[in-house]
Structures are given as structure tokens and as C-alpha cells.
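Visitor: Here is what each chain is made of, one letter per residue.
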Amino acid sequence: DAGVIQSPRHEVTEMGQEVTLRCKPISGHDYLFWYRQTMMRGLELLIYFNNNVPIDDSGMPEDRFSAKMPNASFSTLKIQPSEPRDSAVYFCASSLGRGKLFFGSGTQLSVL
Amino acid sequence: GNSVTQMEGPVTLSEEAFLTINCTYTATGYPSLFWYVQYPGEGLQLLLKATKADDKGSNKGFEATYRKETTSFHLEKGSVQVSDSAVYFCALIHSNSGYALNFGKGTSLLVTP
Numbered sequence: 001d002a003g004v005i006q007s008p009r010h011e012v013t014e015m016g017q018e019v020t021l022r023c024k025p026i027s028g029h030d031y032l033f034w035y036r037q038t039m040m041r042g043l044e045l046l047i048y049f050n051n052n053v054p055i056d057d058s059g060m061p062e063d064r065f066s067a068k069m070p071n072a073s074f075s076t077l078k079i080q081p082s083e084p085r086d087s088a089v090y091f092c093a094s095s096l097g098r099g100k101l102f103f104g105s106g107t108q109l110s111v112l
Numbered sequence: 113g114n115s116v117t118q119m120e121g122p123v124t125l126s127e128e129a130f131l132t133i134n135c136t137y138t139a140t141g142y143p144s145l146f147w148y149v150q151y152p153g154e155g156l157q158l159l160l161k162a163t164k165a166d167d168k169g170s171n172k173g174f175e176a177t178y179r180k181e182t183t184s185f186h187l188e189k190g191s192v193q194v195s196d197s198a199v200y201f202c203a204l205i206h207s208n209s210g211y212a213l214n215f216g217k218g219t220s221l222l223v224t225p
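Residue numbers (our numbering), protein chains in the order written: chain A, 1 to 112; chain B, 113 to 225.
Chain B with its partners taken away, still in its complex shape (with noise of 0.2 Å):
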């Protein structure tokens, strides 16, 4: 079945530092790729997606490229602050399993001034 891995938390980086969270997928054929963020005490929200080979999704400063060749959607951003300090979880969607979101279990990061 479909499926998405991300890398264990917690992630501590200080501000202004580079961030990388890695996610592969598991899945046939071309499913669509999300980053969503849920911050302390809320729901998540999405934060960027790419709907097929090499797209490339931003927002905030993040970003995400779609990487079929290797079944990857990692999340950057170059210069994270305190205010990025949420838990980060991707996510796949695909035609065989309807609309139904499969996400990875999360990763916590937490940026110190």
C-alpha cells in the first residue's frame, strides 16, 4: 500500500541555521506530495505541496522538490527562527486510495534562539 517515512525527531537547531527533513514515499505511479505543519495546540495546516515529478512546492520559506527517481519529497529552509519551532508532517495522496491523506508520523523540530 501507500506509505510515507519521515525522518525521527526531535530536530534542535539554533536560529538561522539550515533545515533539512527527510520523507520518502512508497507508492505506484505518480501520487500527489504535501508538507503540512502543525504547530503547539492546533490543527495542521498545509504548508506546500508538487503534484507531480520534479515540481518543486514553497511557502514561507520552505521548500520541497518531487524526486520520482528516488522517492523523495524532503523539506528545507535556509535560515529557520524560533516561530518555525512546530512539528512537520508529509503526506501523499494517490487515485487508488481516493481522498484519503496518507501521512508520516511527524517530526518535531524545535529552534532555539
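Just chain A, with the same shape it has in the complex (with noise of 0.2 Å):
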């Protein structure tokens, strides 16, 4: 298997702009998540779904940001209008089961 595949790996965009992320979970894992990482805040978890619902969105900072999961294979994270505070890293990570999370390499936003 490929892993968690992110995309794109670095996205640069102008203030105002909308950005999607985009996610593909390993193949039979039934839990996704969208984690943001800042050096201020560390890892913080935005969303998580369970069988493409989402469970917990308490950590969805405000509403420029929205996350779906059409079907099992693909999730989006997407920011509309981008602010420079949104610019972090942000991870995709799959899971069957509790604990074990399977991390994507990440997309690296910034932010203009």
C-alpha cells in the first residue's frame, strides 16, 4: 500500500484566495482525520470522520474552513478566504481501529 497520500505537497497563495487540500486514506481504514501543526500551537486536530461522517469538528478553527469525505478514498480540507495565520502544515492521517494513526508527508501552506 502507498500510505496516506496528500496533495499537493506545498501550496503557496495570496490572501483571499481559497485553497483545497486533498487526501486519499489507506485503503480499508474507516477513520480520517485533519491535523494543522504550528510551532506556536503544535499538532492540533481539526476534524475527524468515521465511515466518511464526520465525528468531531470542534477543532475547525472558524468558518473559512470546511472539510468533506465524499466517499471512503478521498477527503478535502479547504480554507475560503486564506489568511497568512492559516499558513502551517497540514496532515492527513488514516486509521483502522484506535490509536494507530498512518500520517500523510503533509502540505506545506503559505500564505501571502
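Rather than coming from a laboratory, the hints here were simulated on the basis of the structure. Do not rely on the hints blindly, as some may be mistaken.
DSSO-like, lysine-lysine: derived pairs with alpha carbons at most 30 Å apart [to be verified]:
#1 217(B) with 189(B)
#2 24(A) with 217(B)
#3 24(A) with 78(A)
#4 217(B) with 78(A)
#5 189(B) with 100(A)
As the structure is a computational prediction, the values presented were derived from the model and not from experiment.
Two chains, each in its own frame: build the complex with the hints.
Guide: Pasting the structure below:
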């Protein structure tokens, strides 16, 4: 298996633009997580899904952030409009059962 | 709520030195505890875990023991290598938080030859 695949690896955009991050989880995994990593706040859980259904989105910073999982093999995290404070590394992870998360390589987002 | 506190980094050691990275947690009952490692430019990988008190997790020469009495899960390695240079994250999962891992802020380790 190729592992969790995220795209793009790097994204540079201007403030106000829409940003879409993509994730393909490991086949057969029933949980999908979106995390954000910054120096100041460390790793923050944004949202997670079970069987494509959002379970907890309490970590989503504000209405500018939205996440979808239309099927078991694909998820998106969208920021609209983007702001400089959204600059971070965004990780997608998937798991089968509790605890052992498999992480993607992340998307480095820079909002200018 | 549930939380994890790790020692601040960065930690710099010479090759073959002994490593300890402290981790303490706050949670009711018995969470499961984990150490994840992040190598430069990569996502996190599970290093080891322990699911109940007094369990010892081990992998690649690293060990950590789940101490309920001190609410700790310190990571140790007897002899570090340059290839161990990475960021190490302590984490917990608890039934009252569903399937979401709570991570510490991470401790950066640099091992020099």
C-alpha cells in the first residue's frame, strides 16, 4: 500500500484565495483525521471522520474552514478565504481502530 | 480535559548517549499512551504504545513504561544514533475523547557524531 497520500506537498497562495487540500487514506481504513501543525500550537486536531461521516469538528478554527469526505478513498479540507495566520503544515491521517494513526507527508501551506 | 505535557526541546546529545524525554499526562481513568516520531519532511509514525498501567512499550531500542502513579510515560533509549534525530511526540487516547489522539507539543532531538 502506498500509505496516506496528500496533495499538494506545498501550496503558496495570496490572502483571500481559496485553498483546497486533498487526502487519500489507506484502503480499508475507516477513520480519517485532519491535523494542523504550527510552531506555536503544535499539532491540533481539526476534524475527524468515521465511515465518511464527520464525528468531531470542534477543532475547525472558524467558518472559513470546511472538510468533506464524499467517499472512503478521498477527503478535502478547504479554506475560503485564506489568511496569513492559516500558514501551517496540514496533515491527514487514517486508521483502522484506535490509536495507530498513519500520517501522510503533509501539505506545507503559505498564505502571503 | 485530557492533555499531554512534554519536556521542552531541543535536546542535543552525542552519539551513544542515554536519552530520556519526559512526558506526563492529565486524564481520568486509564487512557492509552503513545510515542510518535517525525523525521524531517515527513509525517508522524507510531514508535511505541502502552494501553494499561505498568505496560512497557518498546521498538527500535526505545522504551517507555506507563506509570499510573506518576501519570508519566517517559521515553528512553540507552544509546542514541545520529539517525534518531527527529521530533518526538507523546500522545494519549481516551474513550471519553472518541478516537482522537491528543498530542504533546513535541520534543526535538538532535544527535551529533
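Visitor: Does residue 78(A) sit within 30 Å of residue 217(B), going by the straight-line distance between their CA atoms?
Guide: Distance ~25 Å between residue 217(B) and residue 78(A) Cα, so the pair holds.
Visitor: Would the hint linking residue 189(B) and residue 100(A) be met if the CA-CA limit is 30 Å?
Guide: Within the cut-off at roughly 22 Å; holds.
Visitor: Checking one constraint from the list: CA of residue 217(B) to CA of residue 189(B), max 30 Å. Satisfied?
Guide: OK: residue 217(B) and residue 189(B) at ~20 Å, within 30 Å.
Visitor: Next pair to validate is residue 24(A) with residue 78(A); report whether the Cα-Cα distance is within 30 Å.
Guide: With Cα atoms ~15 Å apart, residue 24(A) and residue 78(A) stay inside 30 Å; holds.
Visitor: Taken at face value, is the distance from the CA of residue 217(B) to the CA of residue 24(A) at most 30 Å?
Guide: holds (26 Å)
Hint compliance for this structure: every hint is met.
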